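Take these sequences, add in the hints, and give me the full structure.
As they're listed, the protein sequences go chains S and U. Under the numbering used here, the first sequence has 69 at position 40, and the numbering climbs by one with no breaks. Under the numbering used here, the second sequence has 355 at position 326, and the numbering climbs by one with no breaks.
Keep in mind the hints are simulated off the structure, nothing from the lab. From a predicted model like this one, the values you see are computed outputs, not experimental measurements. C-beta: ideal position from N, C-alpha, C; glycine also. Only true hints are included.
Going by beta-carbon spacing under 7 Å, a handful of chain S positions derived as facing chain U:
# : residue
1 : T72
2 : Y346
3 : E359
There are 2 protein chains.
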Amino acid sequence: MPFGFTLRSIDPSGARCGLIETDHGPVETPAFMPVGTQGTVKTLSARDLEEIGAAMILSNTYHLYLRPGEKLIEEAGGIHRFMGWKGPVLTDSGGFQVLSLADLNRIGDEGVEFKSHLDGSTHFLTPERVVDIQLSIGSDVMMVLDECAEYPCDRGRAEKAVERTTLWATRSLAARGARVTRGEYERVLFGIVQGSLYPDLRERSARELVALDFPGYAIGGLSVGEPKKDTFDTAARTANLLPADKPRYLMGVGHPEDIVEAVARGIDLFDCVVPTRNARNGCVFTSRGKLVVRNAAYARDGAPLDPECRCEVCRTYSRAYIRHLFNAGEILGPRLATYHSLYFYLHLLSEMRQVIREGRFSRWREGFYRAYSPIGSEYNGSV
Amino acid sequence: MPFGFTLRSIDPSGARCGLIETDHGPVETPAFMPVGTQGTVKTLSARDLEEIGAAMILSNTYHLYLRPGEKLIEEAGGIHRFMGWKGPVLTDSGGFQVLSLADLNRIGDEGVEFKSHLDGSTHFLTPERVVDIQLSIGSDVMMVLDECAEYPCDRGRAEKAVERTTLWATRSLAARGARVTRGEYERVLFGIVQGSLYPDLRERSARELVALDFPGYAIGGLSVGEPKKDTFDTAARTANLLPADKPRYLMGVGHPEDIVEAVARGIDLFDCVVPTRNARNGCVFTSRGKLVVRNAAYARDGAPLDPECRCEVCRTYSRAYIRHLFNAGEILGPRLATYHSLYFYLHLLSEMRQVIREGRFSRWREGFYRAYSPIGSEYNGSV
Numbered sequence: 030m031p032f033g034f035t036l037r038s039i040d041p042s043g044a045r046c047g048l049i050e051t052d053h054g055p056v057e058t059p060a061f062m063p064v065g066t067q068g069t070v071k072t073l074s075a076r077d078l079e080e081i082g083a084a085m086i087l088s089n090t091y092h093l094y095l096r097p098g099e100k101l102i103e104e105a106g107g108i109h110r111f112m113g114w115k116g117p118v119l120t121d122s123g124g125f126q127v128l129s130l131a132d133l134n135r136i137g138d139e140g141v142e143f144k145s146h147l148d149g150s151t152h153f154l155t156p157e158r159v160v161d162i163q164l165s166i167g168s169d170v171m172m173v174l175d176e177c178a179e180y181p182c183d184r185g186r187a188e189k190a191v192e193r194t195t196l197w198a199t200r201s202l203a204a205r206g207a208r209v210t211r212g213e214y215e216r217v218l219f220g221i222v223q224g225s226l227y228p229d230l231r232e233r234s235a236r237e238l239v240a241l242d243f244p245g246y247a248i249g250g251l252s253v254g255e256p257k258k259d260t261f262d263t264a265a266r267t268a269n270l271l272p273a274d275k276p277r278y279l280m281g282v283g284h285p286e287d288i289v290e291a292v293a294r295g296i297d298l299f300d301c302v303v304p305t306r307n308a309r310n311g312c313v314f315t316s317r318g319k320l321v322v323r324n325a326a327y328a329r330d331g332a333p334l335d336p337e338c339r340c341e342v343c344r345t346y347s348r349a350y351i352r353h354l355f356n357a358g359e360i361l362g363p364r365l366a367t368y369h370s371l372y373f374y375l376h377l378l379s380e381m382r383q384v385i386r387e388g389r390f391s392r393w394r395e396g397f398y399r400a401y402s403p404i405g406s407e408y409n410g411s412v
Numbered sequence: 030m031p032f033g034f035t036l037r038s039i040d041p042s043g044a045r046c047g048l049i050e051t052d053h054g055p056v057e058t059p060a061f062m063p064v065g066t067q068g069t070v071k072t073l074s075a076r077d078l079e080e081i082g083a084a085m086i087l088s089n090t091y092h093l094y095l096r097p098g099e100k101l102i103e104e105a106g107g108i109h110r111f112m113g114w115k116g117p118v119l120t121d122s123g124g125f126q127v128l129s130l131a132d133l134n135r136i137g138d139e140g141v142e143f144k145s146h147l148d149g150s151t152h153f154l155t156p157e158r159v160v161d162i163q164l165s166i167g168s169d170v171m172m173v174l175d176e177c178a179e180y181p182c183d184r185g186r187a188e189k190a191v192e193r194t195t196l197w198a199t200r201s202l203a204a205r206g207a208r209v210t211r212g213e214y215e216r217v218l219f220g221i222v223q224g225s226l227y228p229d230l231r232e233r234s235a236r237e238l239v240a241l242d243f244p245g246y247a248i249g250g251l252s253v254g255e256p257k258k259d260t261f262d263t264a265a266r267t268a269n270l271l272p273a274d275k276p277r278y279l280m281g282v283g284h285p286e287d288i289v290e291a292v293a294r295g296i297d298l299f300d301c302v303v304p305t306r307n308a309r310n311g312c313v314f315t316s317r318g319k320l321v322v323r324n325a326a327y328a329r330d331g332a333p334l335d336p337e338c339r340c341e342v343c344r345t346y347s348r349a350y351i352r353h354l355f356n357a358g359e360i361l362g363p364r365l366a367t368y369h370s371l372y373f374y375l376h377l378l379s380e381m382r383q384v385i386r387e388g389r390f391s392r393w394r395e396g397f398y399r400a401y402s403p404i405g406s407e408y409n410g411s412v
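What follows is the structure, given as C-alpha cells:
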C-alpha cells in the first residue's frame, strides 16, 4: 500500500481529521509521535508503545547516524526490526541537532560540517547524504535537510535559510525522488517550510516547496524560543499555504495545550520531547494539568497520577509509590511516569479526533480548558 | 489459608520439591525470589514480575524502614498494595544491611545502633522492633533480627553471634509469636541459623532455633566471602540439621550454578542480587553461561540474548540492539537485561522442580553443565 493521506473531516473550527497510510500501518490524524531519539522511546519497550496506542514514532537521524551508525541498523534489517517496533517511523533530518547539539558546525550551500558531541570527530552532511542515511535507517517518512534559523533572527539570515532550504529540498528530490521503495516498503520524503516569523518568507518557502510536490510538509523553525502567540499565528498562516490534501506536521510542539491550539489551526502531526523529558524528571501531565509527582506533597497520596486516566500505571500505582520511586532514585519511576504521560498525550489526540469527526471541537476545547490548567499554573493534585 | 509447607518429592540426589502456601498465593519450591530492595525489583513493573513467573519476591526492611518508612507503607495498605504486587513477599530483618551499609553501628545484646547511610541519622533497632517494622511493611514472611558474622571470623566472635542470634530469636517469638494474623492475612516469622564455618556452632545454632519451632528456617552467614566449597559444605550440613517438613532458605545465593548446587543439597528458597545487579551492568545469564552484552563483540549480533530462551525480550530484541542501548546509556538496556536474566533464573528453577519431581535431577545437572559455562569462563556468545 503506497503512502497516502486522506482528509476525512474538517471541523467548523478548522481542525482536521485524516488518515496517513504507510506500509507499516495507518496513522489517524491529528497524531502525536513519541520521540525515540536513539532508537528507543526512553524507558519504554516497543510493546509498551503499542499498548498506549502509539501509531507512529519519531527517531533522530543525527543520533542514529553517530551511534550505532546507519549501516549497522540497515544490516539489522532496518529501524523497525532493530527496535522491535512494527508501526511506521518518521526520522528527522538531523539538521536541527547539528545546529543545537554538535560542538561546532559550519553551514554552507553544499551542506553542513560539524563535530560529533560524542567524540569530537568531524562529519560533513549534504542533503543527498541525509536522504541516504535515512534510507539506511529505514524510516517510512524521511525529512529533507533544512536550515532552521534561530530565534530571534534578522530578515537577511531568515531569507538565506529559506533559500538554502529550497535548494536542499530540490537536491534531495533530485537524488532519490519523493517516494522510494526499497526492501519491502515505501519510504517518502517530506519538505520543511522555514521563514522564521516573517510572513512573506513563510509564503515564499511554502510556495517553493509546494511547487516541488512533496507527499507531506512540515512547518519548521518554530518552538525555538519565540512567544507562543507568534508560534500559533505563524503555524496557522503557514498551514493555510499548504495543500489541504497533504499532511501538515508541526515540528517540536509541544505542551498539551499547544497541541490543542495547533490542531485548532489545521495541523495534523506532532512530535515533542516534553512528555517524556518531563516524566523522567518526575513531572507528569494529567487531565487537570501538570503534576510534579516527585514533590513531598504526594508522599502519602493514595490517588493515581490522574484519577481520570485508565492507563496501566493509573490502574496499578499510587502517587505515593511513584513519588517514593523518584525519591529513591529508582528507574521504575521515570518508566511509569513516561508511560502515563505518553498515554495521556495519545489519549488526548484520540479524543480530539473523535470530537473533530463529530464537529464539536470548539465546544470540547472549552471543556478541556475548564479542567486543564495550562503550564504556569500547576495543578495542586487534589482529587 | 494459613502458612504451610508441604514436601512433595525428594530426588535420589537429595534435591527437594515442595509447596509453600501463603494468603497471597502458593510458591513452588525450590524457588528464587527476585530482590526488590526499595519496594521495586529495579527497572521492572509488578506486571513484568508476574509475566516472568516470579512467585515470591524479597524486599529489604532496612531500606524500607529508612525510606519511605514502614508507617507510610502501612498507611498505603501494606507492601503488596504499595508496589502493585499481588504475590507473597518476604522481608529480611535488615540486620545484614545495618552491618554492611550503615555508616557506623554498635551491636549489643539489646539491639543494634546505626547511622543511616542516607542522612546520617541515628537509629536503634531491637529484635522486637524489627518484627513490628515488618508487620507494618506487611510481608508474608518476616525474618528475625540476627547477627551475621563476617568472614573470616574467629571462633569466639562466631560463638557470640550464635548466642545473640538465639537470644534475639527467642525475644522475637516472645514479642508477637511465630504466626501473626493482621489485616486480611497471616504473616510468619523465620529463624536464621548462624555459626560461620564452624560445624559445631552451626549445629548448636540449628538445635537452639529448631527447639523454638519456627515455620521456616534460613541459613545465614554464608556467601560473605568464604570459598565456594565451604559455602556448599556448610549449607549441606546445616540443611541436614533442619526439620524436613520446614522450608530451608539459603540467604544471598547466588549464581545459577550456585543455586543448582544448593538445590542438590536440599535447599528450597533463594534470593540474590546477582541476576539484577549484573543485568544493570550489561551482563546477562544464559543457558550457556554469562554473556556481557555490552561488549563491542555483540554490536552486530542479530541473535537474541539467549537463543534457547522464550522470554519476551529474547523473542523481540537482538543482542545488537541491547548492546546499543547500553552503549548509548539508555534505561531500556538495564530493563531488558533484567527482564531476561530474571526470566532465566525463574525458568531454571522451574526446570529443576520438574526434574526433581521426575527423579532425574542428577542427570539433568550433568546436562546443565555440558551447556553452561560457570562464572570465570565467559560464554563467547556464538550461537
